[in-house]
Amino acid sequence: MLPRTLLHLNVKAKAKGKTALHGVSKTTFRVMPTDLDVLMHMNNGKYLSLLDIARFEWIARAGLLQTMRQRGWYTVVGSQAITYRKSLQLFQKFTVETKLLGVDERACYIEQRFVRNGEIYARAYVAGRFLKRGGGTLPMSEVAEAIGIDPADFPLPDDLQHFASTLRLPSTRSAAPSVWHD
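Under the working numbering, the letters of the sequence shown match residues 136 to 317, in that order.
What the hints contain is simulated information worked out from the structure, not anything from laboratory work.
Hints may be right or wrong, so weigh each one.
The list that follows gives simulated cross-link-like pairs (lysine-lysine, DSS-like), each with its CA atoms no further than 30 Å apart [unchecked claim]:
{"hint": "1", "residue 1": "Lys-181", "residue 2": "Lys-228"}
{"hint": "2", "residue 1": "Lys-181", "residue 2": "Lys-153"}
{"hint": "3", "residue 1": "Lys-267", "residue 2": "Lys-153"}
{"hint": "4", "residue 1": "Lys-234", "residue 2": "Lys-181"}
{"hint": "5", "residue 1": "Lys-234", "residue 2": "Lys-267"}
Here the structure is a predicted model, which is why all the values come from computation and not from measurement.
Take the sequences, apply the hints, and build the full model.
This is the structure:
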(Lines of atoms letter the chains of each structure in order from A and count residues from 1; the text may use other names and numbers.)
(Lines give C-alpha, C1' and ligand atoms only; values in the text may rest on other atoms or scores of the structure.)
Protein backbone atom coordinates (compact mmCIF):
# COMPACT_ATOMS: atom_id res chain seq x y z
CA MET A 1 0.00 0.00 0.00
CA LEU A 2 2.75 2.49 0.91
CA PRO A 3 4.54 2.32 -2.49
CA ARG A 4 1.25 3.05 -4.29
CA THR A 5 0.60 5.99 -1.96
CA LEU A 6 4.08 7.41 -2.52
CA LEU A 7 3.70 7.04 -6.29
CA HIS A 8 0.51 9.07 -6.24
CA LEU A 9 1.85 11.76 -3.95
CA ASN A 10 5.30 12.21 -5.41
CA VAL A 11 4.65 11.70 -9.08
CA LYS A 12 1.01 11.78 -10.07
CA ALA A 13 -0.26 14.53 -7.74
CA LYS A 14 2.53 16.89 -8.78
CA ALA A 15 1.98 16.17 -12.47
CA LYS A 16 -1.74 16.91 -12.21
CA GLY A 17 -1.35 20.26 -10.46
CA LYS A 18 -3.78 21.93 -8.09
CA THR A 19 -7.43 21.07 -7.51
CA ALA A 20 -9.93 23.60 -6.18
CA LEU A 21 -11.78 22.57 -3.02
CA HIS A 22 -15.07 22.94 -4.91
CA GLY A 23 -13.77 20.80 -7.77
CA VAL A 24 -13.57 17.10 -8.47
CA SER A 25 -10.19 15.44 -8.08
CA LYS A 26 -9.55 12.42 -10.31
CA THR A 27 -7.06 9.72 -9.37
CA THR A 28 -6.38 6.93 -11.86
CA PHE A 29 -5.62 3.35 -10.88
CA ARG A 30 -5.39 -0.08 -12.46
CA VAL A 31 -6.56 -3.30 -10.78
CA MET A 32 -3.42 -5.21 -9.87
CA PRO A 33 -3.07 -8.91 -8.96
CA THR A 34 -2.59 -7.98 -5.28
CA ASP A 35 -6.01 -6.23 -5.36
CA LEU A 36 -7.94 -9.42 -6.12
CA ASP A 37 -9.92 -11.67 -3.84
CA VAL A 38 -10.64 -15.40 -4.27
CA LEU A 39 -13.42 -14.57 -6.77
CA MET A 40 -10.81 -12.84 -8.99
CA HIS A 41 -12.30 -9.36 -8.78
CA MET A 42 -11.13 -6.41 -6.70
CA ASN A 43 -11.46 -7.16 -2.99
CA ASN A 44 -14.00 -5.02 -1.12
CA GLY A 45 -11.35 -3.98 1.42
CA LYS A 46 -9.02 -2.82 -1.36
CA TYR A 47 -11.65 -0.27 -2.41
CA LEU A 48 -11.29 1.38 1.00
CA SER A 49 -7.50 1.43 0.73
CA LEU A 50 -7.67 3.08 -2.68
CA LEU A 51 -10.13 5.64 -1.33
CA ASP A 52 -7.47 6.57 1.24
CA ILE A 53 -4.89 7.14 -1.49
CA ALA A 54 -7.30 9.22 -3.58
CA ARG A 55 -8.25 11.36 -0.54
CA PHE A 56 -4.61 11.88 0.35
CA GLU A 57 -3.85 12.93 -3.22
CA TRP A 58 -6.87 15.28 -3.13
CA ILE A 59 -5.58 16.83 0.11
CA ALA A 60 -2.16 17.35 -1.47
CA ARG A 61 -3.54 18.76 -4.73
CA ALA A 62 -5.92 21.10 -2.88
CA GLY A 63 -2.94 22.60 -1.04
CA LEU A 64 -4.01 21.37 2.39
CA LEU A 65 -1.10 19.02 3.06
CA GLN A 66 1.47 21.74 3.65
CA THR A 67 -0.80 23.58 6.12
CA MET A 68 -1.56 20.34 7.94
CA ARG A 69 2.12 19.43 8.27
CA GLN A 70 3.06 22.90 9.50
CA ARG A 71 0.39 22.78 12.20
CA GLY A 72 0.86 19.14 13.20
CA TRP A 73 -2.57 18.06 11.96
CA TYR A 74 -3.69 14.86 10.30
CA THR A 75 -6.97 13.42 9.09
CA VAL A 76 -8.82 10.26 10.04
CA VAL A 77 -11.97 8.64 8.77
CA GLY A 78 -14.75 9.06 11.33
CA SER A 79 -17.28 7.05 9.36
CA GLN A 80 -17.90 5.84 5.86
CA ALA A 81 -20.42 3.94 3.81
CA ILE A 82 -19.76 2.34 0.45
CA THR A 83 -22.07 0.77 -2.09
CA TYR A 84 -20.73 -1.63 -4.71
CA ARG A 85 -22.51 -1.73 -8.06
CA LYS A 86 -20.18 -3.57 -10.47
CA SER A 87 -16.97 -5.54 -10.02
CA LEU A 88 -13.61 -4.28 -11.16
CA GLN A 89 -11.54 -6.99 -12.87
CA LEU A 90 -7.81 -7.66 -13.18
CA PHE A 91 -5.88 -4.94 -15.06
CA GLN A 92 -8.94 -2.76 -15.65
CA LYS A 93 -8.16 0.95 -15.49
CA PHE A 94 -10.51 3.12 -13.42
CA THR A 95 -10.67 6.50 -11.76
CA VAL A 96 -11.58 7.48 -8.22
CA GLU A 97 -13.35 10.84 -8.27
CA THR A 98 -13.25 12.78 -4.99
CA LYS A 99 -15.43 15.78 -4.13
CA LEU A 100 -16.01 17.72 -0.93
CA LEU A 101 -19.76 17.83 -0.32
CA GLY A 102 -19.94 19.86 2.87
CA VAL A 103 -18.80 20.48 6.42
CA ASP A 104 -20.36 20.66 9.86
CA GLU A 105 -18.76 21.59 13.18
CA ARG A 106 -17.11 18.15 13.51
CA ALA A 107 -16.16 16.87 10.08
CA CYS A 108 -15.89 17.32 6.36
CA TYR A 109 -17.98 15.05 4.14
CA ILE A 110 -16.64 13.70 0.89
CA GLU A 111 -18.15 11.65 -1.90
CA GLN A 112 -15.85 9.30 -3.76
CA ARG A 113 -16.76 7.34 -6.86
CA PHE A 114 -15.07 4.45 -8.64
CA VAL A 115 -15.64 5.26 -12.31
CA ARG A 116 -14.78 3.19 -15.37
CA ASN A 117 -15.59 4.43 -18.88
CA GLY A 118 -17.87 7.13 -17.41
CA GLU A 119 -19.90 4.64 -15.36
CA ILE A 120 -20.05 4.48 -11.55
CA TYR A 121 -18.94 1.06 -10.26
CA ALA A 122 -18.99 1.97 -6.54
CA ARG A 123 -19.70 5.06 -4.44
CA ALA A 124 -18.61 5.99 -0.93
CA TYR A 125 -19.49 8.74 1.50
CA VAL A 126 -16.76 9.56 3.99
CA ALA A 127 -16.77 11.74 7.10
CA GLY A 128 -13.25 12.97 7.79
CA ARG A 129 -12.03 14.47 11.04
CA PHE A 130 -8.93 16.58 11.68
CA LEU A 131 -6.77 15.72 14.69
CA LYS A 132 -3.71 17.29 16.32
CA ARG A 133 -0.49 15.28 16.61
CA GLY A 134 -0.31 16.35 20.25
CA GLY A 135 -3.83 15.05 20.88
CA GLY A 136 -7.32 16.38 20.43
CA THR A 137 -9.84 16.99 17.68
CA LEU A 138 -10.00 20.17 15.65
CA PRO A 139 -13.31 21.93 15.07
CA MET A 140 -13.94 22.51 11.38
CA SER A 141 -14.11 26.28 12.02
CA GLU A 142 -10.41 26.23 13.00
CA VAL A 143 -9.51 24.15 9.95
CA ALA A 144 -11.53 26.44 7.67
CA GLU A 145 -9.82 29.53 9.06
CA ALA A 146 -6.36 28.02 8.61
CA ILE A 147 -6.96 27.09 4.97
CA GLY A 148 -8.83 30.30 4.15
CA ILE A 149 -12.32 29.06 3.40
CA ASP A 150 -15.75 29.99 4.69
CA PRO A 151 -17.67 26.94 6.00
CA ALA A 152 -20.85 28.61 4.73
CA ASP A 153 -19.55 27.95 1.21
CA PHE A 154 -19.75 24.22 1.97
CA PRO A 155 -23.20 23.64 3.51
CA LEU A 156 -23.87 20.06 4.51
CA PRO A 157 -26.75 18.56 2.48
CA ASP A 158 -29.70 17.30 4.54
CA ASP A 159 -29.15 13.64 3.60
CA LEU A 160 -25.55 13.83 4.84
CA GLN A 161 -26.67 15.45 8.09
CA HIS A 162 -28.89 12.41 8.61
CA PHE A 163 -26.01 10.08 7.64
CA ALA A 164 -23.72 11.76 10.17
CA SER A 165 -26.21 11.66 13.03
CA THR A 166 -27.20 8.04 12.32
CA LEU A 167 -23.65 6.69 12.33
CA ARG A 168 -22.22 8.84 15.13
CA LEU A 169 -20.96 7.04 18.22
CA PRO A 170 -20.40 8.65 21.63
CA SER A 171 -17.15 10.51 22.17
CA THR A 172 -14.16 8.48 23.36
CA ARG A 173 -14.60 10.10 26.77
CA SER A 174 -18.14 8.72 27.11
CA ALA A 175 -19.34 5.22 27.76
CA ALA A 176 -20.31 3.14 24.73
CA PRO A 177 -21.48 -0.24 26.07
CA SER A 178 -22.24 -2.99 23.56
CA VAL A 179 -25.84 -3.84 24.36
CA TRP A 180 -28.02 -5.61 21.81
CA HIS A 181 -31.78 -5.13 21.99
CA ASP A 182 -34.15 -7.91 20.92
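Now for the hints, and whether the structure bears them out:
1. Lys-181 <-> Lys-228: 15 Å, holds
2. Lys-181 <-> Lys-153: 26 Å, holds
3. Lys-267 <-> Lys-153: Within the cut-off at roughly 25 Å; holds.
4. Lys-234 <-> Lys-181: Holds, at roughly 20 Å.
5. Lys-234 <-> Lys-267: OK: Lys-234 and Lys-267 at ~24 Å, within 30 Å.
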